[in-house]
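From first to last, the protein sequence lines are chains A and B.
In the numbering used here, each number is its position in the first sequence, counted from 1, plus 150.
In the numbering used here, each number is its position in the second sequence, counted from 1, plus 21.
Since the hints were derived computationally from the structure, they do not count as laboratory data.
Among the clues, some could well be false.
Stated by the list, open to error - Keeping only pairs whose Cα atoms sit at most 16 Å apart, straight-line, the calculated EDC-like set for lysine to aspartate or glutamate is:
#, chain 1, residue 1, chain 2, residue 2
1, B, Lys24, A, Glu543
2, A, Lys626, B, Asp109
3, A, Lys626, B, Glu108
4, A, Lys626, B, Glu112
5, A, Lys626, B, Asp110
Computed from a predicted structure; not experimentally measured.
Here is how the chains run, residue by residue.
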Amino acid sequence: MTEPLIYEISASGRIGVNLPQCDVPESELPSELMRDELALPEVSELQVVRHFTRLSQRNFGIDTTFYPLGSCTMKYNPRLNEDVARYDGFAKLHPLTDEAGAQGALALMYQLQTWLAELSGFSRVSLMPAAGAHGELAGILMIRKYHADRGDTKRTKILVPNSAHGTNPATVTMAGFEAVELPSDENGDVDLEALRAACDDTVAGMMITVPSTLGVFEDQILEVIEAVHACGGLMYMDGANMNALMGIVKPGELGFDVMHYNLHKTFSTPHGGGGPGSGAVGVNEKLLPYLPGPIVDIVEAPQAEEAAPLYGWVMPEKSIGRVKAFHGNFGMHIRAYAYIRAYGGEGLKAVSEHAVLNANYIRVKLHEAYHVPYDRICAHEFVLEGRFKGVDEVHALDISKRLIDYGFHPPTNYFPLIVHEALMIEPTETEDKVTLDAFIDAMLHIAKEAHENPELLRSAPHEAPVSRVDEVRAAKQLVLCCQPALPQAETD
Amino acid sequence: MGKWKTPDDLKYTESDEWIRVEGDTATIGITDYAQTQLNDIVYVELPDVGDTFDKDGVFGSIESVKAAADLHLPVGGEVVAVNDGLEDDPEVINADPYGNGWIIKIKIADASELDSLMDAAAYAKLCEERD
Numbered sequence: 151m152t153e154p155l156i157y158e159i160s161a162s163g164r165i166g167v168n169l170p171q172c173d174v175p176e177s178e179l180p181s182e183l184m185r186d187e188l189a190l191p192e193v194s195e196l197q198v199v200r201h202f203t204r205l206s207q208r209n210f211g212i213d214t215t216f217y218p219l220g221s222c223t224m225k226y227n228p229r230l231n232e233d234v235a236r237y238d239g240f241a242k243l244h245p246l247t248d249e250a251g252a253q254g255a256l257a258l259m260y261q262l263q264t265w266l267a268e269l270s271g272f273s274r275v276s277l278m279p280a281a282g283a284h285g286e287l288a289g290i291l292m293i294r295k296y297h298a299d300r301g302d303t304k305r306t307k308i309l310v311p312n313s314a315h316g317t318n319p320a321t322v323t324m325a326g327f328e329a330v331e332l333p334s335d336e337n338g339d340v341d342l343e344a345l346r347a348a349c350d351d352t353v354a355g356m357m358i359t360v361p362s363t364l365g366v367f368e369d370q371i372l373e374v375i376e377a378v379h380a381c382g383g384l385m386y387m388d389g390a391n392m393n394a395l396m397g398i399v400k401p402g403e404l405g406f407d408v409m410h411y412n413l414h415k416t417f418s419t420p421h422g423g424g425g426p427g428s429g430a431v432g433v434n435e436k437l438l439p440y441l442p443g444p445i446v447d448i449v450e451a452p453q454a455e456e457a458a459p460l461y462g463w464v465m466p467e468k469s470i471g472r473v474k475a476f477h478g479n480f481g482m483h484i485r486a487y488a489y490i491r492a493y494g495g496e497g498l499k500a501v502s503e504h505a506v507l508n509a510n511y512i513r514v515k516l517h518e519a520y521h522v523p524y525d526r527i528c529a530h531e532f533v534l535e536g537r538f539k540g541v542d543e544v545h546a547l548d549i550s551k552r553l554i555d556y557g558f559h560p561p562t563n564y565f566p567l568i569v570h571e572a573l574m575i576e577p578t579e580t581e582d583k584v585t586l587d588a589f590i591d592a593m594l595h596i597a598k599e600a601h602e603n604p605e606l607l608r609s610a611p612h613e614a615p616v617s618r619v620d621e622v623r624a625a626k627q628l629v630l631c632c633q634p635a636l637p638q639a640e641t642d
Numbered sequence: 022m023g024k025w026k027t028p029d030d031l032k033y034t035e036s037d038e039w040i041r042v043e044g045d046t047a048t049i050g051i052t053d054y055a056q057t058q059l060n061d062i063v064y065v066e067l068p069d070v071g072d073t074f075d076k077d078g079v080f081g082s083i084e085s086v087k088a089a090a091d092l093h094l095p096v097g098g099e100v101v102a103v104n105d106g107l108e109d110d111p112e113v114i115n116a117d118p119y120g121n122g123w124i125i126k127i128k129i130a131d132a133s134e135l136d137s138l139m140d141a142a143a144y145a146k147l148c149e150e151r152d
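Using the sequences provided together with the hints, build the complete structure.
Here it is in structure tokens:
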């Protein structure tokens, strides 16, 4: 059953609030700014409460269901982090508070910068970028400024493997470079020959997602980095998939020059409607002066042994500048800090190990019923083909819709593009074996249904409040009107 | 015949465009394989009449419920007509990729560039390999 729009339950004259008596002198608003009719719903308080409570119960989220959305790392958001973020000292701190009055917050940010740098083997981290793609943009702008400062202006290209996140070529273009796509070899790794052929003195750098969107760790990553460095380019790592690598690989030590993290994935801060994100960016010594700022630093050493240092804002010497108002998404810094603090180094390593184990468990349980094109030990996610030999009418989308009937959020569909009918599955470490087994059972049932009764999949979902939605119309009709047409006088 | 239609009178690119040569002009669209892979097409970005592009130049883009893809010109030339009907009904490419789903017509700049394109048999083989 669908829930009516709030405008559909509106009735003229209904009132939801009692305004208190006015306790200041009334003043007239300019008449040209006054409107008589407003397109607002007229509903009672109880109607509002019921309407939005019902809608909230329809919400499909990590708090209600398994959510194996590949590339998005929909892991549990620990409630401890929420408690800490609500401490008065953090939650009520005004962003314009001077440094002296915000030492606790600055200490937290400094510590988070330091931990993130330690985890990835970089020299320094800036917490300014607001989300992953924003971190990418900051990183590529640093590369641009690095080359420009050396007077090397002929480097106009950035290499991007076809197994990269879609944001990578978009970032390259936004930063004023030309994205040059590199093919993958039969194992899903970068085609080294194509890479070497593309490396010349017009290459500013390479952006690579590790592990890639196929969920595999580049076996030849050192050769890739060496080839790009040899032609004078810098290496950007899309660190959105750090969930697979914590405590296992330090990208800075592999030779990467710059990388962004997604605090809203790897470090469990809420996202997908509960955000905002946070796309901290880390660099090695080469790019240190270019970090977006300001960043937190110790501006005065401790005066006595047990005393705290004085923290302050510092703008890196040749910074690409501010990329965000105030201090980045500070609420997310608190949650990520609490997460790292709660787990510790060994705990974070266990997080990655379990994320990888869970993905491989599902992969091996499904790789007979489904075709897994790059069927090797995967990282934190893997990609299978959502199609069956001899059942041409069933597509990945149909499998996803049928999963809704089994009570699971569908995996990522049709990405990466290099896999036919891709379904990208990322269970994360926060799911137990019981949940993984239930999901595997559902997928195996669906594979059986696809052969026996494909129409069941084609017309799914059957158990959801709304059945198959019209995706073509959704993509074409960009303006959706959920309120009554405005009175004629206002639209003139 | 394979899984996808590949008419014999057309030439094909590796990026899944077809070209039908008529004297010094040619009609261009995307193949049956391409429209199947893209699934329901929702938007086509067309060039303007008079625009010129080199061989392999990006003359527009196509967007489906699954993905967005660039459109590459099989041979260099000047755009002499565009299929305006695609603005309102891009799905005609799904229904009739080699007929009403044509995308642009061009005046060919250098007919020798046609030699590098695939014939129907070679393209059909490529589709089978990629499936």
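So, going through the hints one by one against the coordinates:
no.: 1; hint: B:Lys24 with A:Glu543; verdict: holds, 13 Å
no.: 2; hint: A:Lys626 with B:Asp109; verdict: holds, 9 Å
no.: 3; hint: A:Lys626 with B:Glu108; verdict: holds, 11 Å
no.: 4; hint: A:Lys626 with B:Glu112; verdict: holds, 11 Å
no.: 5; hint: A:Lys626 with B:Asp110; verdict: holds, 10 Å
Of the numbered hints listed earlier, not one is contradicted by the structure.
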